[in-house]
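Asks: What follows is each chain in one-letter form.
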Amino acid sequence: MSTPYAKLPAWADYGLIPLINLSVAFIVAGFVVMLVGENPFRAAVILVEGAFGKGTGIAFTLFYATTFIFTGLSVAVAAHCSLFNIGTEGQAYIGGLGIALVCLSFDSVLPWWAIFPMAIVAAAAFGALWGFIPAYLQAKRGSHIVITTIMFNFIAASVMVYLLVGPLKPAGSQAPQTRNFLAGAELPKLNWIIELFGAKIRSAPLNICFLLALVMAFLVWLLIWRTKLGYEMRTYGHSPKAARYAGISETRIILTAMMISGALAGMMALNPVMGDQHNVAIDFVSGAGYVGIAVALMGRLHPVGIVLAAILFGMLYQGGAELAFEMPAISRDMIVIIQGLVILFAGALEHMFRPYIQALFASFSPKSVGMQAVNGKGA
Amino acid sequence: MDVFNAIVQVLDSTIRLSVPLLLACLAGLYSERAGIFDIGLEGKMLVGAFAGAAAASVFHSALIGLGMAILISVAFAMVHGFASITHRGNQIVSGVAINFVAAGSTIILGQAWFQQGGRTPALQPGERFEAIVWPGAEAVRDVPILGPIYAELISGHSILVYFAFAMVPFTWWVLFRTRFGLRMRAVGENPAAVDTAGISVAWLRYRALICTGILTGVAGAYLSMVQNGGFVKDMTAGKGYIALAALIFAKWKPVNAMFACLLFGFLDAAAIRLQGSPLPLIGKVPVQFMQALPYVLTVILLAGFIGKAIPPRAGGVPYVKER
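Protein sequences, first through last, are from chains A and B.
768 is the number that the working numbering gives to position 300 of the first sequence; each next residue is one higher, with no gaps.
783 is the number that the working numbering gives to position 20 of the second sequence; each next residue is one higher, with no gaps.
For reference, chain A alone in the conformation it holds in the complex (with noise of 0.2 Å):
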């Protein structure tokens, strides 16, 4: 039981594995939609046709995927680092907070690629503020992370209510949202990039949010994998000894991955409210902060896989509302429970099945999980 993990080839590690946790993951699944008395490959065969069917389901699905590429992303760089940062619901909405002061304050008189910038920037800061905080307690006052920014998202949600239904929200309005940002607020469409397949779309809100969301896989690819910050990010990640040996001041480090982690979560708000709902309203994150975790894990933390385990939770997304539609028994929420079993098997579980795969490469050939061939066995 207790004998380390050894090792197997790349392709089986990167590739294999995942693969196999996340098929259990949906056949877990498979069965929780036997259980409400629906056929399985028929649910799978409809979400698949609902999310890549019609150019409209595509720019749905993409829609969605740029909201979990960017909170995928601000997991991933807190867990490099070695933070389970689980408050990138809460660092979201205040971004959302950063983003309605910009659009509220500009959006009579600034065109919409004036206001783009600076709601990035307000975004991104307000994201980054809301991760500041745990991020100092931990590194000066040894709280930990994961509770206290669970905490945060629950205090987050109090202040955005407090905001949302008090100073934000218009007079004589019921409901508890920013009044309806003006033109210079909105983002401009990118479903002539789909159309130009010959695809039709009916008012799908894929913007260019899109586009910045790939910009910043790219961007944090390169802080990970080619700065000293991303080094000294893995190294204190791997081994937080190791890293204060190698004179890697803690708490900058700690300090630094939070904001980051918690700028990209801010700048997920961007999507929703610039891109679709041209407002701030009560629970608009609902949930992408926590889809980012399964998609992070999913994504084995590198943003490659990051983007493909996005894509792959948006097509769950736009799929799921369409195969709501068609099997009443199964709503949305079947989602959260593939959210579930996804993190459950490729986080949690992760290493369930690697004995068994290594013991079948080991007899097929010793050589690719490192052992010796013992004389008279082997090649």
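Note that these hints are calculated values from the structure, not bench results.
It is possible that some hints are incorrect.
DMTMM-like, lysine to aspartate or glutamate: derived pairs with alpha carbons at most 25 Å apart [as the list claims (entries may be wrong)]:
1) B:LYS996 <-> A:GLU794
2) B:LYS996 <-> A:ASP481
3) B:LYS996 <-> A:ASP751
4) B:LYS996 <-> A:GLU790
5) A:LYS608 <-> B:GLU952
Could you slot chain B onto chain A? The hints should help.
Replies: For chain B alone, coordinates are given in the frame of chain A:
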């Protein structure tokens, strides 16, 4: 007299509101003392609430409901154990996963089985735990001061309320006066020492998680079968996290846990009572501030500004026998 009655009423609802917190908090105490972080209290309470209400309404029995709540909640605790003890996975990741599976499956299964938008059918009188009226409660109600206290605060709660408060001394006794408790605390502080003594670390931790599952199951049953008379989706509404906060606030001690839960319950009761009405001296306090107060207090405590909360030393670290 009006003020006094109002105070008694607030205290009464304090008790009612703090019971699920207390049960979940004690549940977390068992697992965290054994060195297993449990973010999944919320999810286990939720499945307990669902299983309890569903079974009670199908089998027309409150006891079967309670049994089912405990069974399913323990099953989820075992999943957590399987991931974090047997497979040495990340305990926080596993807890988060359990919360999502619980949140999603209760809605999906509830909708599929009962077709009431994720609710279970409203529980009939025999299917929920009724309030127990203590002897003489009605007779002494009119006695000043003591009467209302006896009739409102002490009498007139369901059996689960008394169970919850009885669990406080019981947990203290288990933790500090039994061999199991000593070993459980040891496994949370220094599992290697327990292992050296020839005691199975994994089996001890599994047993601690069974205790956790039982208590979260009762907490869930209380929510859906006492407080509400039926399951409503997401009915735990963050109570599992408040319980976690209370556990830290209580520094992982059972009696402190009771006071922490009563405090958080009181804040909740006061927030409901004061909705919109101004307080003396401070003026009008936003409801959201009262709601956020438990979390803010926990953050301040964790930051070491009110004493120091030191978790069990081996908490969150999977035990590896040797390399």
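Asks: Now, for every hint given, state plainly whether the structure supports it.
Replies: Evaluated hints:
no., hint, in the structure
1, B:LYS996 <-> A:GLU794, "22 Å, holds"
2, B:LYS996 <-> A:ASP481, "39 Å, violated"
3, B:LYS996 <-> A:ASP751, "17 Å, holds"
4, B:LYS996 <-> A:GLU790, "22 Å, holds"
5, A:LYS608 <-> B:GLU952, "24 Å, holds"
In this structure, only the earlier hint numbered 2 is contradicted, and the remaining ones agree with it.
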